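Using the sequences plus the hints, can you model the full thing?
Number of protein chains: 2
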Amino acid sequence: MRLVVADCSVDYSGRLDTHLPRATRLIMVKADGTVAVHADGSRVQPLNWMGTPNQLIEEDGRWIVTNGKGERLTIDLYQVLYETAFEMGEDPGLQKDGVETELQRLIAERVEVLGPGMELIRREHPTPVGPVDLLCRDSSGTVAVEIKRRGDIDGVEQLTRYLEFLGRDERLAPVRGVFVAQLIKPQARLLAEDRGIDCIELDYDGLREIDSPILKLF
Amino acid sequence: MRLVVADCSVDYSGRLDTHLPRATRLIMVKADGTVAVHADGSRVQPLNWMGTPNQLIEEDGRWIVTNGKGERLTIDLYQVLYETAFEMGEDPGLQKDGVETELQRLIAERVEVLGPGMELIRREHPTPVGPVDLLCRDSSGTVAVEIKRRGDIDGVEQLTRYLEFLGRDERLAPVRGVFVAQLIKPQARLLAEDRGIDCIELDYDGLREIDSPILKLF
DNA sequence: AGTTCCATGTCGCGG
DNA sequence: CCGCGACGTGGAACT
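Chains as they are written, first to last, in my numbering: chain F, 1494 to 1711; chain P, 1494 to 1711.
There could be a bad hint or two in this list.
Each pair may be met inside one copy or between any two copies, as identical chains are not told apart.
[Said to hold, decoys possible] Below, a list of computed lysine to aspartate or glutamate pairs in the EDC-like style, where the Cα atoms sit at most 20 Å apart:
1. Lys1589 x Glu1702
2. Lys1562 x Asp1504
3. Lys1562 x Glu1576
4. Lys1678 x Glu1650
5. Lys1589 x Asp1510
6. Lys1562 x Asp1510
7. Lys1589 x Asp1696
The hints are simulated quantities; they were obtained by calculation from the structure and are not laboratory data. Bear in mind that the values here come from a model prediction, so they are computed numbers and not experimental data.
As structure tokens, this is what we get:
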């Protein structure tokens, strides 16, 4: 990783056009050529960047980074205050725990929390427009379940698309939808209920408790 | 901005839990306290971070960053390879040109490019599921317009939601939809046309020309 | 503070 | 390489 601290201005042209007036910033060049320009301000993301693959041309006082899609990042360097480079080696990568996959597993093992008599048919049931998180069955017929950490309008749209296709399958019909999330936004709830989709807010932490060995002692 | 290159492992606990095994990485601390951990790999984003406001406690070989929402970032430092700091001052900020707001303005001033006899009723017309970019009128009745830089399937879904609600308003009905973008993806076009939504590809650069003072001389 | 939607979203996975 | 969906999405604008 190469680090350059410089007084610079930056222009990006591609998906849109941006201009960054002259100031002191950090320019980061990663091992694969990824370039990022960071200010000292309150931002996690860089102000400008160019992902890999790209080509970096260093002229006198000017860097030009281009990629194959017609995007161009131009960095004008007025004064380089500092420059260094480090060999960091391959990164082992980030391990995540508690994402949607895990929530799906928790609920799949306890589908009865979604309603009396609920039974799991299968997880990740495929449809032409993508896989349904859970396909279940209860006294009303087939139940398609979409699980989210946060219940947003997009999730309702997603479930709606699944229902549209599942409903055409005579072996499954009738199919109703259940939208499950830790927190369901008002607009998402409005849209869901308008389409006859049930909304269930679930406390995943509580669910995890049920799943835990501690409770299994009883 | 403070830069630390160190052999470290990182743990985050908050919205989920993550673990980052021991390796050499760059730790960036911005002026307002924002902390970010970058690997040398193919990533623009940091692997872990903690935005502002937060509190950083530096113990011997361990940094603990917490915020008011119960999130915690723990960085264990095994060896600090390098450390430095720079005063960068306030950043003038990024100027953007060509984002959706601007496109909307350009089209709002020239709604006739969307069809003969088209008239603008209002921009950002509110519905229960969000604001319609443009609400227009022509000989066919009311026209709801969704404007995107890139015409993706999400945009069609969005417009469909608006139409669903607008169509129920007796004062507006009948309402048809128009999906406008510089480039409309085949799948988005397919879905749109399946739902009776018109697709219009517009050259925003050309539109900007029309809008420019140069042409106004004529 | 809460909610909405945009974003050069980014990123990872599967076809 | 493209499409799809999750993301600690982040960030801004507006209520």
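We went through each hint and held it up to the structure:
no., hint, verdict
1, Lys1589 x Glu1702, "within (18 Å within a copy, 48 Å between copies)"
2, Lys1562 x Asp1504, "within (16 Å within a copy, 36 Å between copies)"
3, Lys1562 x Glu1576, "neither (29 Å within a copy, 37 Å between copies)"
4, Lys1678 x Glu1650, "both (14 Å within a copy, 18 Å between copies)"
5, Lys1589 x Asp1510, "between (35 Å within a copy, 6 Å between copies)"
6, Lys1562 x Asp1510, "within (14 Å within a copy, 36 Å between copies)"
7, Lys1589 x Asp1696, "within (19 Å within a copy, 41 Å between copies)"
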